[in-house]
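Protein chains in written order, with numbering that gives the first Met the number 0: chain G, 0 to 240; chain Z, 0 to 541; chain E, 0 to 109.
I should point out that these hints are in silico values taken from the structure, not numbers from a laboratory.
This list has only true hints and no planted wrong ones.
One side only, chain G facing chain E, incomplete, derived with CB under 7 Å:
| id | residue |
| --- | --- |
| 1 | VAL51 |
| 2 | ALA65 |
| 3 | THR91 |
| 4 | ILE95 |
| 5 | SER98 |
Glycine residues also receive a C-beta, built at the ideal position from the N, C-alpha and C atoms.
Here's the letter readout for the chains.
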Amino acid sequence: MPEAATSSSHSGGSHRAGGAVVVGHVPGLRHHFEDMEQQHEAGSLGMWAFLVTEIMFFGAVFAAYAIYRELYLPGFEGGSRLLDIKLGATNTAVLIGSSLTMVLAVHSAQTGKRKLIVLFLILTMVLGAVFLGIKYVEWSTDWTKGLVPGLHWAPTEEIHGNPPLGSVEMFFCFYFVMTGLHAMHMIVGFGILTVMTIMAWRGRFSPEYNAPVEVSGLYWHFVDIIWIFLFPLLYLIGGRY
Amino acid sequence: MSTAVLEAPAESRLNYLNASYGIKSWLLTVDHKRIALLYLASISVMFFIGGIFAVLMRLHLIEPQGALVQPDTYNKLFSAHGIIMVFFFLIPSIPATLGNFLVPLMIGAKDLAFPRLNLMSWYLYIIGASFALYALMSGGVDTGWTFYPPYSSIYSQTHVIATAIGVFIAGFSSILTALNFVVTIHKMRAPGLTWFRLPLFIWAMYATSVIIMLGTPVIAVTLVLLAAERLLHVGIFDAVIGGDPLLFQHLFWFYSHPAVYIMVLPGMGVISELVTAFSRKKIFGYKMIAFSSMAIAVLGFLVWGHHMFVTGQSVYAGLIFSLLSFLVAIPSAIKVFNWTATLYKGSISYQAPMLYALGFIGLFTMGGLTGLFLASLATDVHLNGTYFIVAHFHYIMVGGTMMAYLGGLHFWWPKITGRLYPDIWARIAALMIFAGFNLTFFPQFMLGYLGMPRRYSVYPAEFQVLNVMSSAGASILGIGYVIPLIYFLWSIRYGPVASSNPWGTKGLEWQTTSPPPTENFEETPIVTEDAYAYATPESTHA
Amino acid sequence: MPGHVVPVRVYVMVFLALLFLTGLTTGVAFVDLGAMNTVAALAIAVVKMLLVALFFMELRYSPGLTRVVVVTAFFFLALLISLTLADNFTRPWTPTPSGWGDSAPTSQNR
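Let's have the full structure, built from the sequences with the hints guiding it.
Rendered as C-alpha cells:
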C-alpha cells in the first residue's frame, strides 16, 4: 500500500510559491528542477554554502595568525611596518572598485542590458588585474629586500622596535601565505568571470535567467571581503606613528 | 522474505542502468545513481588496497620482533592503512555511494541539485586517490595519517606533499558532495515532505554534510600550510622561528575529530532505516534521533583537544575538552536506546541487513563506552598511544560504520541493481565478519590496557599470544569481506530479479521500480504520512 | 531575492562609503591610540564587510536560511579560535618543573 499518492500537477507544497505547470522549454532551466525559481534559489544557496567553506578555509589561517600575533606582537608590528601602506591602501580601493563594477554587471544582467554586462565584467577583471599587478610589485620588492621567509630571508633594513628576527620572519610567513592564498582565489575568480563574459557576449543572460552572474558576483565579493580583513591585519597593525 | 512477484522482466523495462550503454555514458553521466555506482567501484578498490596494508601489518605482528618488514617500512604500512581507510574509504563510503543513490529517491526528487558538480566530485576523488596511490607506489609516507610536524614538515624523507595533495583533493570532493546534499535537502523535497517526515537517513546525511562543509576546509588549509613549510620553508609550525607544532594539531584535529562523526553518522542513518524495516515498526523517538544527529554534528566540533591531552596542551584546556567529550556521548547513547526500543515488540526478521544492524548496535556501544575511558584525563594518560585507542576506534569504524555500510548495501542492493543476492551466503558472511572482527580487536583492548604501544613494529614477548589472536581474527575478517564481493558480483548477472519492494518496507525509494528509471519517479510523489508509518496492533483495531 | 533589482545609486553610495572607510582606517593607523588601534581597525573592517555582504551580496534581501548559513560559519570559526586560544593562554598557568629554569622557550625570550 503506497503511502505517497502521485500527482502530475505541481500542487503548492509548504516551500513553493508557484503553482502552474510549466509548459514548453524555458531557456536555462535544468530539467531536474521544477521551475526557474527553485533553480535560482538552489544556485544561490549552493554558492553561499560554498562561501561557508571558504570562510572556514581562510578562517583557519586567521586563527593561526591570531595566536601568533598574540605571542609575538613586537615582531608582527615591526614586520607590518615594512609593508608599503600606500600600495596596500590603493589595492584595497581597487578591489572595492571591482566589487562595484561586479555588482553593476549583475544589475545589467537583471535589467537585460547585454553589452553592459560584458563591459562591467571586463572592467571587474581589469581592476582585478591591477590588484595582482600591484601585488607583484610588492612581492618583488620584498624579495629584493630579503624579506621572503625560507627562500630569501636576509633583511637588511632596520626594524621598528628591534624585535627578535624569528618573529618578524613568522609575520612574513603569514603575509605571503595569506596574500598568496588570496591571489590564488582571485585567479580562480578570473576564470569564472571569463566564462561569464563569454556567456554574456553570446546573449545567454536575461532578466529571467541571470543566476550565474549573480552567483559569480557572490564569489568575487567574498574575495574582496577577505582582502578587507587582510589589509588592516597585515598592513596596519604596526601603526605608522 | 517475500520474493519477487514477477512483473515484466527488468531487462525489458527502461531503467537507469540500461538507458544508455557504453563507457562514455558512464564516465560522462550526470545521473546521481550512476555516479553512486562509480563511487561504489572506486571506493571498493581503495578498501581492498587499504585492507592489504592491514593484512601486512597483522602478519608482521605475529612475532614480537616483527615477522615481515623493517621498522621504517612498518611505519609506512600503518600510515598507508590509515590514510587510505580514513580519507579514501570511510569518509566517502556511505555518503558517496548510498547517499548519492538514495537522497534524491528518498525525498522524491529527480536528481541532486547540482548533477554536474556531482560528477566533478567523483573525478576529484579519482584524482586525489591517484595522487595518494602514486605517493604510495613511490615509497609512501611514514608520518602516520596524522602528519604531525616537525617530523612531517622537516625531517621525514618520504612523499608527504604528494600524499597531502591527494588528501586535499579528496577533501574537496567530499565538500562538493556535502554541498549538493545540503542544497538538495533544503530545496528539492517533494510536496508534503516536511522536515519531520524525512527518513532518518536523510537527517543523517544532512548532519554529515554540515560537518563536512565546516570542517574539511580547515584540514585543507592546514595541509597547504604543511606543504608550504616543507617545500618553501615557510615555517609556520617551525619552533626555530617561534612556530608551535601544537598549532598544527589543533587545526588538524579540529577537522579530524568531526571527521569521525562524518564516518559514523551516515552509518547511524542506515541503522535507523534497517531497524525499522526489519522490525516492521515505527522508529522509537523519531525527533530525538533527528535532533541527536544535529547535536552530534555540533558537539563533535567542541571536543578535538581530547586527542592532545598528552602532547603539551594546557591542562586547563584539557579539562574543558574532557568535559565536552563526555557530553558528546549523550546523543549517541540516545540513539542506541531508541534503536533498541524500536526492536521491542517489533516483528523481527534476521536477514543479512538486520544481522549487520544488530552487530552495529552492540559493537558501536562497546566502542563508544571505551571512548569514555579515553575522554577521562586521568585514564587517558595511560591509555593514549596504546592499542586501547586502536581497538576503540576500530570498534566504531569497523564494528560500526563498516557494518552499517554493508548492511545498507545489502538492504538497498535490490533497488540499486534490480537483483537479489543469496541471503544464506550473506548471513554466513555477516556472522564471519562479526566473529572475525571481535577476535581481531577485542584482544587489542587488552593489549592496550597492558601497555603495548601503537605504531610500534616490535613488542615485548609476553604480548605475543594476544597479537597472534588478533592476527588470526584478521584473517577470518578478511575472508568475510571477500564473500560479499563474490556474491554481489554474481547476483548482478545471475541473481533473481527483484520487485520494486522486495522487503515490503516504507520509504519513497521503494515506491519506484527496481532499478529506478533515470528520472527516478514517473510522476513526482506527494507525501501524506510520516516516515515508517507501519501498521501497529493499535492502529488495526477498531 | 531573485527578481529584486536594487537601484544603481544605492550601489554607488555603498562604494563611496567603503572608500571613505578605507581612508579612515588608513588614517587612524598614523595616530597612536594604543590598544584602540587594533579595535578600531577591526571594527572598521567589520563595517566594510557588512556593507559588502548586505548590499553588494544582497544579504538584505536573501531568505533567512542564507543568513543562518553565514552566521553558522562564523560561529564555528569563533569556536576554533577561542578554544585554541584557550589552550595557548592557559599553558603558562601550569608552572614549569623546577630545574628547567628559564631555558624553556616562552613568548618573552623569542
